[in-house]
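Chains as they are written, first to last, in our numbering: chain R, 1092 to 1391; chain L, 1092 to 1391; chain Y, 1092 to 1391; chain W, 1092 to 1391.
One or more hints might be untrue.
Here's a subset of chain Y near chain W, in silico, CB distances under 8 Å, partners left out [claimed, not checked]:
#1 1208
#2 1221
#3 1224
#4 1242
#5 1358
#6 1362
Straight-line alpha carbon distances no greater than 27 Å define the calculated DSS-like cross-link-like pairs of lysine-lysine that follow [claimed, not checked]:
#7 1310/Y <-> 1218/W
#8 1198/R <-> 1223/R
#9 1198/W <-> 1223/Y
#10 1256/R <-> 1223/R
#11 1310/L <-> 1223/W
#12 1124/R <-> 1386/R
#13 1386/W <-> 1218/W
#14 1124/W <-> 1223/W
#15 1223/Y <-> 1223/W
#16 1359/L <-> 1359/Y
#17 1359/Y <-> 1256/W
Source of the hints: derived by calculation from the structure; they are not laboratory data.
Here the structure is a predicted model, which is why all the values come from computation and not from measurement.
All C-beta atoms, glycine included, are put in the ideal place defined by N, C-alpha and C.
There are 4 protein chains.
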Amino acid sequence: MVRDSVVGPWDIIWQKMNTAVLLLSTPTSFARKGAVAAMCQFLIAHKGSVLHCDDHLDSSRDLSLSRLEWDLDGFDIPVSDFEEQFRPLAEQYRINYHLALTAYRPKIAILVSAYDHCLADLLYRQKAGELKCDIVRIISNHTTAQPLADFYHVPFHLLTNPDDKRICEQEVVELLGQDVDLIVLARYMQILGPDFVAQYLLRMINIHHSFLPAFVGAKPYHQAFQRGVKLIGASSHYVTAALDEGPIIEQDVVRVSHRDTVEDMLYKGRDLEKVVLSRAVRWHLENRILVYQNKTVVFV
Amino acid sequence: MVRDSVVGPWDIIWQKMNTAVLLLSTPTSFARKGAVAAMCQFLIAHKGSVLHCDDHLDSSRDLSLSRLEWDLDGFDIPVSDFEEQFRPLAEQYRINYHLALTAYRPKIAILVSAYDHCLADLLYRQKAGELKCDIVRIISNHTTAQPLADFYHVPFHLLTNPDDKRICEQEVVELLGQDVDLIVLARYMQILGPDFVAQYLLRMINIHHSFLPAFVGAKPYHQAFQRGVKLIGASSHYVTAALDEGPIIEQDVVRVSHRDTVEDMLYKGRDLEKVVLSRAVRWHLENRILVYQNKTVVFV
Amino acid sequence: MVRDSVVGPWDIIWQKMNTAVLLLSTPTSFARKGAVAAMCQFLIAHKGSVLHCDDHLDSSRDLSLSRLEWDLDGFDIPVSDFEEQFRPLAEQYRINYHLALTAYRPKIAILVSAYDHCLADLLYRQKAGELKCDIVRIISNHTTAQPLADFYHVPFHLLTNPDDKRICEQEVVELLGQDVDLIVLARYMQILGPDFVAQYLLRMINIHHSFLPAFVGAKPYHQAFQRGVKLIGASSHYVTAALDEGPIIEQDVVRVSHRDTVEDMLYKGRDLEKVVLSRAVRWHLENRILVYQNKTVVFV
Amino acid sequence: MVRDSVVGPWDIIWQKMNTAVLLLSTPTSFARKGAVAAMCQFLIAHKGSVLHCDDHLDSSRDLSLSRLEWDLDGFDIPVSDFEEQFRPLAEQYRINYHLALTAYRPKIAILVSAYDHCLADLLYRQKAGELKCDIVRIISNHTTAQPLADFYHVPFHLLTNPDDKRICEQEVVELLGQDVDLIVLARYMQILGPDFVAQYLLRMINIHHSFLPAFVGAKPYHQAFQRGVKLIGASSHYVTAALDEGPIIEQDVVRVSHRDTVEDMLYKGRDLEKVVLSRAVRWHLENRILVYQNKTVVFV
């Protein structure tokens, strides 16, 4: 039994946050000449206070990857001028970078089919303040998700022609356009075409219910049962044109035994899928993921 | 991306089930004389087909514990006559037993305070068919849970005098009486009195947000943060009069590091609490748990 | 700091054991007619005291699989007569069975190449009493293992022609013949031919340093690094003619991140390999593994 | 089956390493003024190439903690002059620091009682190159460890008066003095006195066979069995005067069930103890651990 006082919800923590995040990469030779130090001094010179600085050196790729987060309170460069003022430094050290503001609430859309456990999980987490974003639309080829969407006041769209993948994809593009920061495939049971994927590259996260690269494709739990593995897994990844081969963001496993039927695996797997997908979405929203060479660096 | 056809939900599997479960204990000396074999033959003689037989010998306690499940289709003893017909065998082998029918849907009530993640999780699982039971009532000392209760069509009761524990307990007893098979404390933030506990002994499951016996009592995540542990845990247990000392049903842990604040631990812990509590509830509902000597045997 | 008194080693526990184990399978229809109960009563009628009875019903294969262990003290059938006396029952219920005596110490041989961590681990465990067996020979295509073999007083054989696989296999067969109960491939870096495998079917256990079926074949850690997985694994399995496709006995995983180089994975993986291989060997020696349909049932 | 070519051992990797590591702490207010950036620029100005920079802000303690590693090849400050040249910066930003050179091989001593599994594990790892150190002495109150010590060519000392703790401690101090960088208590079954502990503060690592703070003191597996926990653990920590209350370095757990006897827990626990202790020793040797407020920051 627990008797905690109620602590303030995440939303309060996040409301107070007014920081900027830089995800960046530099050739190692430039990194060694002090790229990160130069950036820190640039920020400090402009009255930015560095909160987090995490870096990683991939010696096999000759690349240095970093995540810098600093406080915008007192920072004397307006966001709109940042690029211009930062450019000389970026050029000097050959820095590729992506700037994000934590005050911004990303807009996400969720695609789902009949299984709605990941959807229900994401909706609850968003409402509880675990995911800092607005869920602007739920799109499905089944009606199952409608009541949940209504309960959480998210516009629900039923695809008009679920049997024709290309029409479905067109419909999604028309609905969402580029006015969405992230698409989450929360057990959406359609293989997406390369054109569709290309439009949302590195902005579309899928959950695959196996420990990739094992059991690519359909019915992975059935495949796992057939092979007699002793652990089953789930993997979240960015969607690329090659099926289930995009950069892996997170994976986890759970133990199974001969006593587990395929139905037991489906049941155990659902818990995996929920946490593995939601972690990926959270890290993406918090600008913690850097992708290169079809792999992810997750700064946690 | 996944392209499974939709498999039948658990409700369909369970509708087809018409089995009986015996949880039983025998002194080892009688067990060795063939108590389980005698029972199996008794069942088979009455045209019961044994589906599962799991047993465990606790040599330190001189006790043999078993779970027997058999098909009732064709079984020629009516349930109402079982006790009478089984008695001679039970006496011969000094068998203590509990009989349960899988066709019966247990009635459960959930007590909850302000944190509603475990409640939301249990409601979703029940609806999805993961938990074979009817949730007959949600009782709370906060209004937070009202919308979820409404969405899932479960009667919600707000305690009228949340500051007075004894009045709260009386109110719960008046509402539920003995017409409930299980009470789940889904983060209910009140220490329960011994009289209340006694009324629902081994029929009340709590989730404690630490790896028991570490961090008993209030604010366990704060205690864990203070101590600098490298893993945090959650424990589900039957409630007894001694705070957080009842028989443990399930535990799990997740890794933390110096980077995790107390808030991060609360966040990571919620995922633990949900799975650890729901597993305990499921195993209880499936008659898989046998308690003795303040410990549980979970037949999975 | 710990202040335990020294408890008795496993060898003492095992010396006292004088039990028999039956691993058996029956068609489900016969199982339901009481095959296990009939066997228990057969044992009890002959003054055998049943210590453990574990069974598993594979409904998809229409097969019931069991492990029965009973005390031989007082059992009135001599082991040499068991088969004859048990035959009528076996025929009546169509039981396939394997009988093992825990008093027997299996003889095992270990094949190893340059990496000797699994070898060192197995030798230590055997000496510490964790593995009830005699290690009768270590065979290698490298000299690395010689000092460890000498320290543990196990005859060491260096293959005379390590570049020719077939000659190596012949040499192993000549050395071991059928006078060995189990061959452990403790990181033996040669693909074995089908004839060799056939001679030791279900008596040869390999450790593969990946989470099978992912990363079959050579350099799995390099493959895992390349793919960017977030967990790496190890798998122990019985060797069959198809490379890395034999029945899996045990698997485990450990978390990796972008900070882990291939060398770090090799380092982390070694700890996995040791526990995953040694568990498999232990379960095999304790007659806990039943193989069917290229899968294992492990009664633990 | 595996067919890797043999990769170079860790010793080769380490021989090539010629780096320096700074573990440092700064008040947050100074950290925000650019302490880390200033240090990086100091290093770069002296032709040091920064390889790793990891930092952590503990906002509840107003402290910023960092680990900096840089290449000494080309670094133009001789190590003997580092302190003098670095002092102005350290004073300006109120930096507390510890400097370590990876070229230095620390000297460690191991204290052990009758259980030698952790000892055997550490000796093997050191020889295999996993632990960059020299094991200069093994000290024990039992003779069990003598053969292992001889095999690995480490001087072995048997305590002359094992029943008198104070004499034992005096003997250890006389043997080791301050000429040892780390003492590892590899299941040494004596409670150490505060004077002894004080001499080796933060230079003495113990393995406790429970998930601390649960089951402090003697016979933790027996305590765990008694309580009926579903996971057992092991914890490595720096030794302080308060029994089992020093800063925790690493912890891990393994699942147990009602089927596990105390002996099974001892067996499963040994595997935990080995990895949990060896990880702590490795991180200490690699200068990855920073201790403050009785907690550790492990930069991995």
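Structure-based check of each hint:
no.: 1; hint: 1208; in the structure: holds (7 Å)
no.: 2; hint: 1221; in the structure: holds (6 Å)
no.: 3; hint: 1224; in the structure: violated (16 Å)
no.: 4; hint: 1242; in the structure: holds (5 Å)
no.: 5; hint: 1358; in the structure: holds (6 Å)
no.: 6; hint: 1362; in the structure: holds (5 Å)
no.: 7; hint: 1310/Y <-> 1218/W; in the structure: holds (24 Å)
no.: 8; hint: 1198/R <-> 1223/R; in the structure: holds (9 Å)
no.: 9; hint: 1198/W <-> 1223/Y; in the structure: violated (37 Å)
no.: 10; hint: 1256/R <-> 1223/R; in the structure: violated (31 Å)
no.: 11; hint: 1310/L <-> 1223/W; in the structure: violated (41 Å)
no.: 12; hint: 1124/R <-> 1386/R; in the structure: holds (26 Å)
no.: 13; hint: 1386/W <-> 1218/W; in the structure: violated (31 Å)
no.: 14; hint: 1124/W <-> 1223/W; in the structure: violated (36 Å)
no.: 15; hint: 1223/Y <-> 1223/W; in the structure: violated (34 Å)
no.: 16; hint: 1359/L <-> 1359/Y; in the structure: holds (25 Å)
no.: 17; hint: 1359/Y <-> 1256/W; in the structure: violated (37 Å)
Violation of the numbered hints given earlier is confined to hints 3, 9, 10, 11, 13, 14, 15 and 17; the remaining hints are satisfied by the structure.
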